[in-house]
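Enquirer: Chains as they are written, first to last, in my numbering: chain A, 1 to 312; chain B, 1 to 270.
Errors might be hidden in some of the hints.
A few chain B residues that don't get close to chain A, going by computed Cβ distances all over 12 angstroms [what the hints assert, rightly or not]:
#, residue
1, D4
2, L15
3, A25
4, L61
5, D63
6, G79
7, A215
8, G232
9, G235
With a straight-line cut-off of 30 angstroms between C-alpha atoms, the simulated DSS-like cross-links for lysine-lysine are [said to hold, decoys possible]:
#, chain 1, residue 1, chain 2, residue 2
10, A, K276, B, K42
11, A, K206, A, K155
12, A, K206, B, K76
13, A, K206, B, K87
Ranges between beta-carbon positions, derived for each pair [as the list claims (entries may be wrong)]:
#, chain 1, residue 1, chain 2, residue 2, range
14, B, G177, A, R91, 32 to 42 angstroms
15, B, G246, A, I198, 37 to 47 angstroms
16, A, S208, B, R216, 35 to 45 angstroms
17, B, G246, A, H288, 53 to 63 angstroms
18, A, E36, B, G246, 52 to 62 angstroms
The hints are simulated quantities; they were obtained by calculation from the structure and are not laboratory data.
Yeah, the Cβ is synthetic: ideal placement off N, Cα and C, and Gly gets one too.
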Amino acid sequence: MDLSVRIGSLALKNPIIAASGCFGYGVEYADVVDLESLGGIAVKGLFLAEREGHPAPRIVETPAGMLNAIGLQGIGVRRFIHEKLPELRARKAIVIVNICGTTVDEYVELARILSDAEGVAALELNISCPNIKEGGITFGCSLRGTFDVVSAVRKVTGLPILPKLTPNVTDVASFARAAEEAGADAVSLVNTFLAMVIDVETRRPKISNVVGGLSGPAIRPIAVRMVYECRQAVKIPIVGMGGIANARDALEFMIAGAAAVQVGTANFVDPFIWPKLFGGIRDYMQRHQIARIADIVGTVDTRARDNEWISS
Amino acid sequence: MPIDAAAEVIANHPLSTDYNVLALAAPAIAAAAAPGQFVMVKAGAGHDPLLRRPFSVFEVLRDERGAPTGISLLNKRIGVSTDLIYKAQPGERIACLGPLGRPFTVVDSPTEAWMVAGGVGLAPFATLAEALRARGVRSTLFYGARRAQELFHLDFFRGLGVELVLTTEDGSLGERGRVVTPLERRLAAQSAAAPVMIYACGPEGMLAAAATTAARFDRPCQVSVERIMGCGLGGCYSCVVRMRNGHGGLHHVRSCIAGPVLPGNQIVWD
Ligand SMILES: Cc1cc2nc3c(=O)[nH]c(=O)nc-3n(C[C@H](O)[C@H](O)[C@H](O)COP(=O)(O)O)c2cc1C
Numbered sequence: 001m002d003l004s005v006r007i008g009s010l011a012l013k014n015p016i017i018a019a020s021g022c023f024g025y026g027v028e029y030a031d032v033v034d035l036e037s038l039g040g041i042a043v044k045g046l047f048l049a050e051r052e053g054h055p056a057p058r059i060v061e062t063p064a065g066m067l068n069a070i071g072l073q074g075i076g077v078r079r080f081i082h083e084k085l086p087e088l089r090a091r092k093a094i095v096i097v098n099i100c101g102t103t104v105d106e107y108v109e110l111a112r113i114l115s116d117a118e119g120v121a122a123l124e125l126n127i128s129c130p131n132i133k134e135g136g137i138t139f140g141c142s143l144r145g146t147f148d149v150v151s152a153v154r155k156v157t158g159l160p161i162l163p164k165l166t167p168n169v170t171d172v173a174s175f176a177r178a179a180e181e182a183g184a185d186a187v188s189l190v191n192t193f194l195a196m197v198i199d200v201e202t203r204r205p206k207i208s209n210v211v212g213g214l215s216g217p218a219i220r221p222i223a224v225r226m227v228y229e230c231r232q233a234v235k236i237p238i239v240g241m242g243g244i245a246n247a248r249d250a251l252e253f254m255i256a257g258a259a260a261v262q263v264g265t266a267n268f269v270d271p272f273i274w275p276k277l278f279g280g281i282r283d284y285m286q287r288h289q290i291a292r293i294a295d296i297v298g299t300v301d302t303r304a305r306d307n308e309w310i311s312s
Numbered sequence: 001m002p003i004d005a006a007a008e009v010i011a012n013h014p015l016s017t018d019y020n021v022l023a024l025a026a027p028a029i030a031a032a033a034a035p036g037q038f039v040m041v042k043a044g045a046g047h048d049p050l051l052r053r054p055f056s057v058f059e060v061l062r063d064e065r066g067a068p069t070g071i072s073l074l075n076k077r078i079g080v081s082t083d084l085i086y087k088a089q090p091g092e093r094i095a096c097l098g099p100l101g102r103p104f105t106v107v108d109s110p111t112e113a114w115m116v117a118g119g120v121g122l123a124p125f126a127t128l129a130e131a132l133r134a135r136g137v138r139s140t141l142f143y144g145a146r147r148a149q150e151l152f153h154l155d156f157f158r159g160l161g162v163e164l165v166l167t168t169e170d171g172s173l174g175e176r177g178r179v180v181t182p183l184e185r186r187l188a189a190q191s192a193a194a195p196v197m198i199y200a201c202g203p204e205g206m207l208a209a210a211a212t213t214a215a216r217f218d219r220p221c222q223v224s225v226e227r228i229m230g231c232g233l234g235g236c237y238s239c240v241v242r243m244r245n246g247h248g249g250l251h252h253v254r255s256c257i258a259g260p261v262l263p264g265n266q267i268v269w270d
């Protein structure tokens with residue numbers, strides 16, 4: 001059985017990638033997860049400089065989901081290269097670096113620095129973090145901004161670039177198109193949905209940033225729909241995510257049009273999920289006699305059917 | 001390396017309408033756990049509630065020959081997950097990941113150990129008291145709760161030779177008021193030459209009071225913090241504590257991997 005997939009020039013041994021911000025810098029999980037076994041690891045969002053992020057509380061649980069406003073706490077790109085990348089390299093991890101800037105120049109600078117570092121497989125451009133005021137999502141919420149960031153980064157790097165799109169827009173497919181026109185190798189979607197939780201007893205929000213990003217199974221159907229829409233709008237590969245908690249969910253994204261998927265929140269619930277995902281995908285391939293997983297990408301048959309309601 | 005166990009509920013002992021002790025069969029976790037470490041527990045199946053909850057290892061359970069068989073959790077019912085854990089039935093299986101985090105540093109005699117617990121903050125001190133006893137360390141537990149019925153396992157600590165100093169908010173047992181008041185008195189009376197290690201676990205206000213009081217008397221204080229935690233492994237950056245670093249700067253530290261036991265004098269209390 002062939003689980004390998006391609007995202008542009010990036011060849012992955014399987015389509016399952018750890019989502020940014022949900023797997024630390026990867027090294028935190030080295031005791032629990034065989035890092036080499038993953039299709040890739042999208043490391044926590046990095047700025048040029050170190051950042052302390054928002055005060056706690058930073059997360060709150062919601063029905064089948066969670067809200068977070070971490071505020072992109074991080075060690076900055078240089079410390080990442082010196083302190084984390086060597087271990088990731090030694091463990092043969094496929095490293096996708098998620099980068100975030102407040103200006104186009106910062107993205108360019110980050111891309112330059114990381115292009116020279118050994119052991120970086122691709123760049124994911126975070127233009128979609130809903131939790132910081134400056135930069136990031138302001139690019140991701142404007143077609144012009146998306147185009148400008150992607151095309152500026154394109155000029156300075158040969159690494160595959162994957163802009164990560166926000167779902168907090170009216171028509172996500174138009175953003176995928178802007179990214180494609182600007183020279184992106186693929187698009188990642190979705191980042192979290194801007195949301196809010198209030199404690200009615202105290203009338204206070206449950207996280208310090210007041211609002212935060214919703215992730216987890218609660219968002220999955222919306223994310224699948226967005227992947228499906230983007231599949232019809234662009235030719236470049238799509239990396240899909242949002243609420244994947246088992247192999248079935250991952251396959252749903254692939255059938256909707258994702259060439260690969262990322263898993264975030266589910267890793268918090270079960271850090272041992274990875275081999276279960278690979279096993280579940282293999283079982284499915286066996287049952288459906290699929291030799292190459294890449295063959296199911298975008299194969300949704302739009303004639304409606306729900307076998308969980310009607311058995312015959 | 002933490003162990004992932006689908007731990008069977010061996011027993012569920014209600015202590016009050018809010019508190020219970022849940023015994024779980026988890027020999028490998030029990031064998032590896034050090035005082036102050038925690039486990040991430042998933043209550044219920046399915047996506048709601050979604051996330052695991054951190055619990056201190058309360059007791060290490062052993063068979064007749066002394067071999068570890070499991071752990072217990074001291075649970076206070078405050079939300080959906082803790083409610084499910086309050087109601088868990090023997091035979092149920094509960095996903096339990098651990099042991100996690102940095103444990104207490106256990107002192108040696110002649111240093112005395114003063115444990116300061118507020119409410120459910122008693123949890124890490126049962127195993128610490130055992131470790132202290134094994135080293136022959138003179139130990140005192142300052143233990144405060146709302147009322148007498150919420151002061152638990154007193155005989156267990158007495159059996160280990162731990163001196164008990166109890167407080168209740170309503171005065172129904174021990175001194176009326178906060179637990180840090182007798183701690184402060186004892187610190188004032190203690191000769192500066194006699195070494196003491198303070199260990200604290202409980203509500204944030206109590207931790208802040210215990211840590212600042214200890215610092216005022218120049219005594220070291222290890223606090224076990226409780227923060228809303230997403231993963232327990234350092235992946236999500238939810239459970240941060242604001243701490244001073246050596247150079248006068250402030251830094252958000254992940255309490256799941258740098259803690260939960262942290263030096264009280266470096267924490268910035270809001
Ligand atoms: C705690 C947390 C931190 C996150 N940090 C980042 C980040 O640094 N960069 C980024 O692009 N996405 C970040 N995300 C978004 C995830 O990568 C992912 O897009 C989103 O959570 C949806 O997937 P999921 O439902 O599988 O978690 C974060 C999500 C969570 C829950």
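Enquirer: It remains to establish, for every hint, whether it holds in the given structure.
Expert: Right, here's what the structure says about each hint:
1. D4: violated (5 angstroms)
2. L15: Answer for L15(B): holds, closest chain A Cβ roughly 25 angstroms.
3. A25: holds (19 angstroms)
4. L61: Correct as stated: the minimum Cβ-Cβ distance to chain A is 24 angstroms, above 12 angstroms.
5. D63: About 28 angstroms separates D63(B) from the closest Cβ of chain A, which puts it past 12 angstroms; holds.
6. G79: violated (9 angstroms)
7. A215: Consistent with the label, A215(B) stays out of reach of chain A, its closest Cβ about 22 angstroms off (over 12 angstroms).
8. G232: Contrary to the label, G232(B) does not stay out of reach of chain A, its closest Cβ about 8 angstroms off (not over 12 angstroms).
9. G235: Check fails; 4 angstroms does not lie beyond 12 angstroms.
10. K276(A) - K42(B): The hint holds at about 18 angstroms.
11. K206(A) - K155(A): Violated, because 42 angstroms separates the two Cα atoms, which is more than 30 angstroms.
12. K206(A) - K76(B): holds (20 angstroms)
13. K206(A) - K87(B): holds (26 angstroms)
14. G177(B) - R91(A): 32 to 42 angstroms: About 54 angstroms separates the Cβ atoms of G177(B) and R91(A), which means 32 to 42 angstroms is violated.
15. G246(B) - I198(A): 37 to 47 angstroms: Hint holds: Cβ distance 39 angstroms, inside 37 to 47 angstroms.
16. S208(A) - R216(B): 35 to 45 angstroms: violated (29 angstroms)
17. G246(B) - H288(A): 53 to 63 angstroms: Roughly 58 angstroms apart at Cβ, these two residues keep to the hinted range, so it holds.
18. E36(A) - G246(B): 52 to 62 angstroms: violated (36 angstroms)
Violated hints for the displayed structure, listed by number in ascending order: 1, 6, 8, 9, 11, 14, 16, 18.
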